[in-house]
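Protein chains in written order, with the working numbering: chain A, 1 to 262; chain B, 1001 to 1267.
No lab work stands behind these hints, which were simulated from the structure alone. Predicted model, so just to flag it, every value in this text is computed and none were measured. One or more of the hints may lead you astray.
What the hints assert, rightly or not - Covered by chain A, according to a simulated footprint, are these stretches of chain B (three or more residues, beta-carbon under 8 Å):
#	stretch
1	1013-1019
2	1032-1041
3	1184-1192
4	1195-1201
Beta carbons: idealized from backbone N, C-alpha and C, even for Gly.
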Amino acid sequence: MKHSFRLYRHYIAINIRSAMQYKSSFWLTMFGQLLSTVSTLFGVIFMFQRFPVVKGFTLNDVILCCGIVQMQFSLSEMWARGFDRFAVIIRKGEYDRVLLRPRNEILQVFGSQFELSRIGRLIQGALMLAYGIIRIKIHWDVLKVLTLFNMILGGTALFTGLCIIRAALCFFTLEGLEFMNIFTDGAREHGKYPLNIYGDKFLLFCTVAIPYALVQYYPLIYILGQRTEWWLAFLPLLVLLYLIPCIALFRFGVRHYQSSGS
Amino acid sequence: MKKYFSFFKLRLQMGMQYRVAALAGMATQFFWGFMLIFAYHAFYESNPDAFPMEFSALASYIWLQQAFLMLFTTWRFDNDILSMISDGGLSYELARPVSLYRMWFAKNLAMRLSEATLRFAPVLLVAILVPKPYGLSLPKSPWHLLLFLVTLVLGLLLTISFLMLIYGLSTRMLSSTGIRVFLSSVMEFLSGQIIPLPFFPDKVRFVLELLPSAGMQNVPLRIYSGDLSGAAMVRAIVLQIVWLFVFVIAGELLLRNAEKRAVLQGG
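Given only the sequences and the hints, what does the whole structure look like? Please build it.
Structure (structure tokens):
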């Protein structure tokens, strides 16, 4: 375990060093993400100028929510990028090399890529979160701080799990599954609003089918004080269980792996 | 003109090959459409009086936007042209006895038409079946449909003529990524891709409706449902045509001098 951790740290160091060889590309990627977040944010601000309260949420609540989702998403994109571009790894036959090494293959895929440029989006998310915290009068206590932490942990795990599922499916299809972007990019884009805005049926779907609501809506209403049940604070941790079937699917996929590269 | 038509045809045939990509695109557009309409519905319920469009007009706007996304997105560049500019292949392009502007315009037109053709029909078909007021309504009259189609074409040409300016600027720079990302995202926001123009605050909206960005998707998608009509519509169409002329002339000038000014790279 200790050895794996050291290996992973080494992988990250290499990735960061190689990214830093292309500084302008690094800054431009960050710049592009900054602009896209800014235009989303302006869209939200203009909508709330017209409609100050929607389903019990104000502009500041939505900014807080949006910030948290951005952080969850960018953290997962940063460290699970290897799974994100897994189709390329498969197609080029790079996975053969992974299998030959006497180390855990999942750790190797995690280590194969580390997108430092996502740090821009992470900082934007943190700024939005900070703005929300300052502007909304929340009675903070230990449990609420813990809730916030759980949300970010659980959300990162959820997005990572989705990336692993997508990667696992590549074993069978050999090509990237663009439609899976709906579940990742789609969740980031539409997760800016608390999920009950999309209606009760959709909220139910996001509770039982793909547990977005566990890392967004339920803990959020606990932090905002709309509900006071203590267990809402721990719902995001349930998502960690959801990683088990994701990894199992990946393991199942590995057994079906047929090398396609040259 | 014949040679530009063959560039057009070639690129069109190439674009029509990407059917699997189109399928994924369609799935995304369905999902996006539903999510946006659910969200707007929540805003609508919170205060129907503050809603600046009829709800069914907004639903039509969103479905048409999703169906014709590839015509109007400011993010779709012809990657062949971009890589040509950055690796020096531009010199071959300049050696051809054709107008760079017309050739690239034809290629971009074909690329967008092929991508939109593969996607739009199923999206519209399903959107029409979605119950009122969430689905796509029929156009108000045949006259509206006709005007919609005409302004759709104008909007497409305007979008491409805007991108042509970016290609033109790119030929003079070592790296154009920054300016491309910047202009594309600003234009995207101003054109009503993130939220339709009627949802902007009134003062901002007044200015935005005069800008070229308003002529891209905003005009056709609002004429379809009758949200844009009367004198405002006439003004919008005139502006569309004027901006199209301005952009085409500016683009021509920018590329005509490319032979003298282009920064050729690679080796």
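A quick look at each hint next to the structure:
no.	hint	verdict
1	1013-1019	violated (count 0)
2	1032-1041	holds (count 5)
3	1184-1192	holds (count 4)
4	1195-1201	holds (count 4)
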